[in-house]
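So the sequence lines, in the order shown, correspond to chains A and B.
Using our numbering, the first residue of the first sequence is number -13, and each one after it goes up by one.
Using our numbering, the first residue of the second sequence is number 393, and each one after it goes up by one.
Keep in mind that the hints were calculated from the coordinates and are not lab data.
Do not take every clue at face value.
Said to hold, decoys possible - Among chain B residues calculated to face chain A with C-beta under 8 Å, some are:
{"no.": "1", "residue": "Gly416"}
{"no.": "2", "residue": "Lys454"}
{"no.": "3", "residue": "Thr521"}
Please read these numbers as outputs of a predicted model, since none were measured by experiment.
C-beta: ideal position from N, C-alpha, C; glycine also.
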Amino acid sequence: MQTLKETKPKKHKETAIRISGAEAIIHCLLAEDVDLIYGYPGGAIMPVYDELYKFQDKLHHVLTRHEQGATHAAQGYARVTGKVGVAIATSGPGATNLVTGLADAQIDSTPMICITGQVPRHLLGSDAFQETDIIGISTPVTKWNYQITKASEIPEIMARAFFIAKSGRPGPVLIDITKNAQFEEFDFSYSRCIAVRSYKPNPKPQIDKIEAAAELINSAKKPFIVFGHGTILAQAEDELRQLVEKAGIPAAWTILGLSAMDTDHPLNVGMVGMHGNYGPNILTNECDVLIAIGMRFDDRVTGNLETYAKQAKVIHFEIDPAEIDKNVQADVAILGNAKESLELLLPLIKENKHEAWLSEFKKCYEEEYEAVIKNDLYPTKPGLTMGEVIEEINKASENKAVIVTDVGQHQMIACRYAKFKQSKSNITSGGLGTMGFALPAAIGAKMGAMDREVVAIIGDGGFQMTIQELATIFQNKTPVKIVVLNNGHLGMVRQWQELFFERRYASTVMTNPDFIKIAEGYHIEAKRVDERKELKPAVEAMMASNEPFFLEVTVENEDNVFPMIPSGASVSDIRLK
Amino acid sequence: MEKKWFTISVYSENNVGLLNRISGIFLKRHINVESLNVSKSEIEHVSKFTIVVNTTEDWTRKIVAQIEKQIEVIKAYYHTDEETIYQESALFKIASHLLFDEPEIQNIISQHKSKIVTVSREYFVLAKTGRRHEIDEMHDDLEPYGIMQFVRSGRITVTKSEMPITSIINEFYQS
């Protein structure tokens, strides 16, 4: 593959030095400004770990308790910083344990590099101890992958890996390195990669398309913006806000777009999708121009495509050509980075207000407030709701915390009610829906944003999928705040069983251990809240702590998340109960 | 949307593992690859995949977009049969005595404009190049006499319109 290298001399490339492949890996990471990696050692990656030991003052390695935890921690770090997260593991089971994290990073466009050890070249294909075809296994869930079998390949492949992971629509890259390549010595020098011949990550927005979009927006009576992760990845938050304010357009977010715009902004009308807000969903089918920015019309957003926004002209700002017309046909498709595209669009947009249209969203909100929100946030029944816990965290953190969620009911509730002032603050597994994501991702998020509060919100089910990462928190004294919302069920599946499977609760009832004792076993301060009056002081105590803190809240067993678009139904058929 | 035959042409870097990546895209959408051919192309160190599928144009377009998204793929196109010139090749291995015992065999060879590639005491080998139905017709004609072995290649295609790979590559070096 042909690549172009940075010509500007870097401090790391001036002279070639004779070193081992393992040491070269460290130098590549340092040259890419990596100072933190997550991983788990094992036989086939030992030469690299030996170098990590020698370079520990420059490159901090965090030992997770499972390789999956390393990937999610790297993802959390990447999502909160915008930098590439790095995870490292040995061959065989070490490598296969990375697969869930890779798939998660792939579907949620997260820049991540996974480095795996591999059996020596002469043993490849021989079913050697801890040999597995991780290149074959990881191909469908990586943006790119490569097996290095000789040390001299390391600098160029590593440079390419970083370029590919972070450019265009970001994604995970896996580099598999045979053990002989780690031992071999060679003359090392490093240049960053700036282009790959067959890869065009940054299509330039076409001016005629921008003009067509501006014309549609300027003449629209009921324009509606839906923004997604692409807004955050392109750092287009400011341009988005300017567009929304200048043209007076109500804007809603996908789950991964959340936090790109202040949740209290008067034109921020809430979340689209299956458990999104009432107005943004039903009014999707009433807008005349739908402006999609950095989002991919996932089925959880659109519901039934046959009845999705059929009345509207669709403008799609998107960096990945494969997403254009994939699910929803665009009338105007603007291929390119969201920031560049919106910068070109803004001068062409006329100042406008859409008061009557905006009041329709307000009306819907009032209806939703009466039917759902009031009871979620300010319940009068004795049992605690997930919503009131989130509201308490909002208050105690003044909407400034990074919120990391797992998957299920608590995730939907947290994404509905958590408040954000700052971008890159909502870290969740959106596309893959990986239970067990939050605890390790919160470790990475905290390490990437030490000056901010990081609160992991987790269900009792997902918590037990990566519970061992409490040890990582303890060992590193990572001051994350862990909130387990315990309803004794796999809540979202139970909700579907209640609504669509006549309450046949197949394998969704959990008999749980004493989580407080478990947290205390890891020397983490822990508290349980069973009653409403205990909630506020407990959340305040948690937020005031400078140490890791575990808070378990016993919530109602059989609460449901509403509104809800039943699977396969139209966005306008969203149910309030 | 109606299903049709489409030929997908993929120009790529010559890389181990890319075939796996491309075939995965068909697997994911449960589409059967009817024919696959990988060869060098008109450009040095650039490979060409020729893939034939029978599906709707909408799916073909989406698949081509997914293929083109792969890092090592330089460019991918799809074309209908009318937009291409395409051929397949086949080899027939037949017992040598039939050449003398069955005079009709000689007529079949000349009627189908096929070539004798090799002759030995036990068998001879016929080569035939043409469209799928032409090869099928020759196969049907020979079958009653007994075919010891038969093999047909994937479709190879050139398009009537231009596929400007060289200029795409040149753009890279100019940037």
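Going through the hints against the structure:
For B/Gly416, the suggested interface contact is upheld, since its CB lies about 5 Å from the closest CB of chain A, less than 8 Å. Because the beta carbon of B/Lys454 sits about 6 Å from the nearest beta carbon in chain A, less than 8 Å, this interface hint is met. Given hint, B/Thr521 at the interface with chain A, is violated; its Cβ is 31 Å from that chain's nearest Cβ, farther than 8 Å.
Hint check: a violation occurs at hint 3 only; the rest are consistent with the structure.
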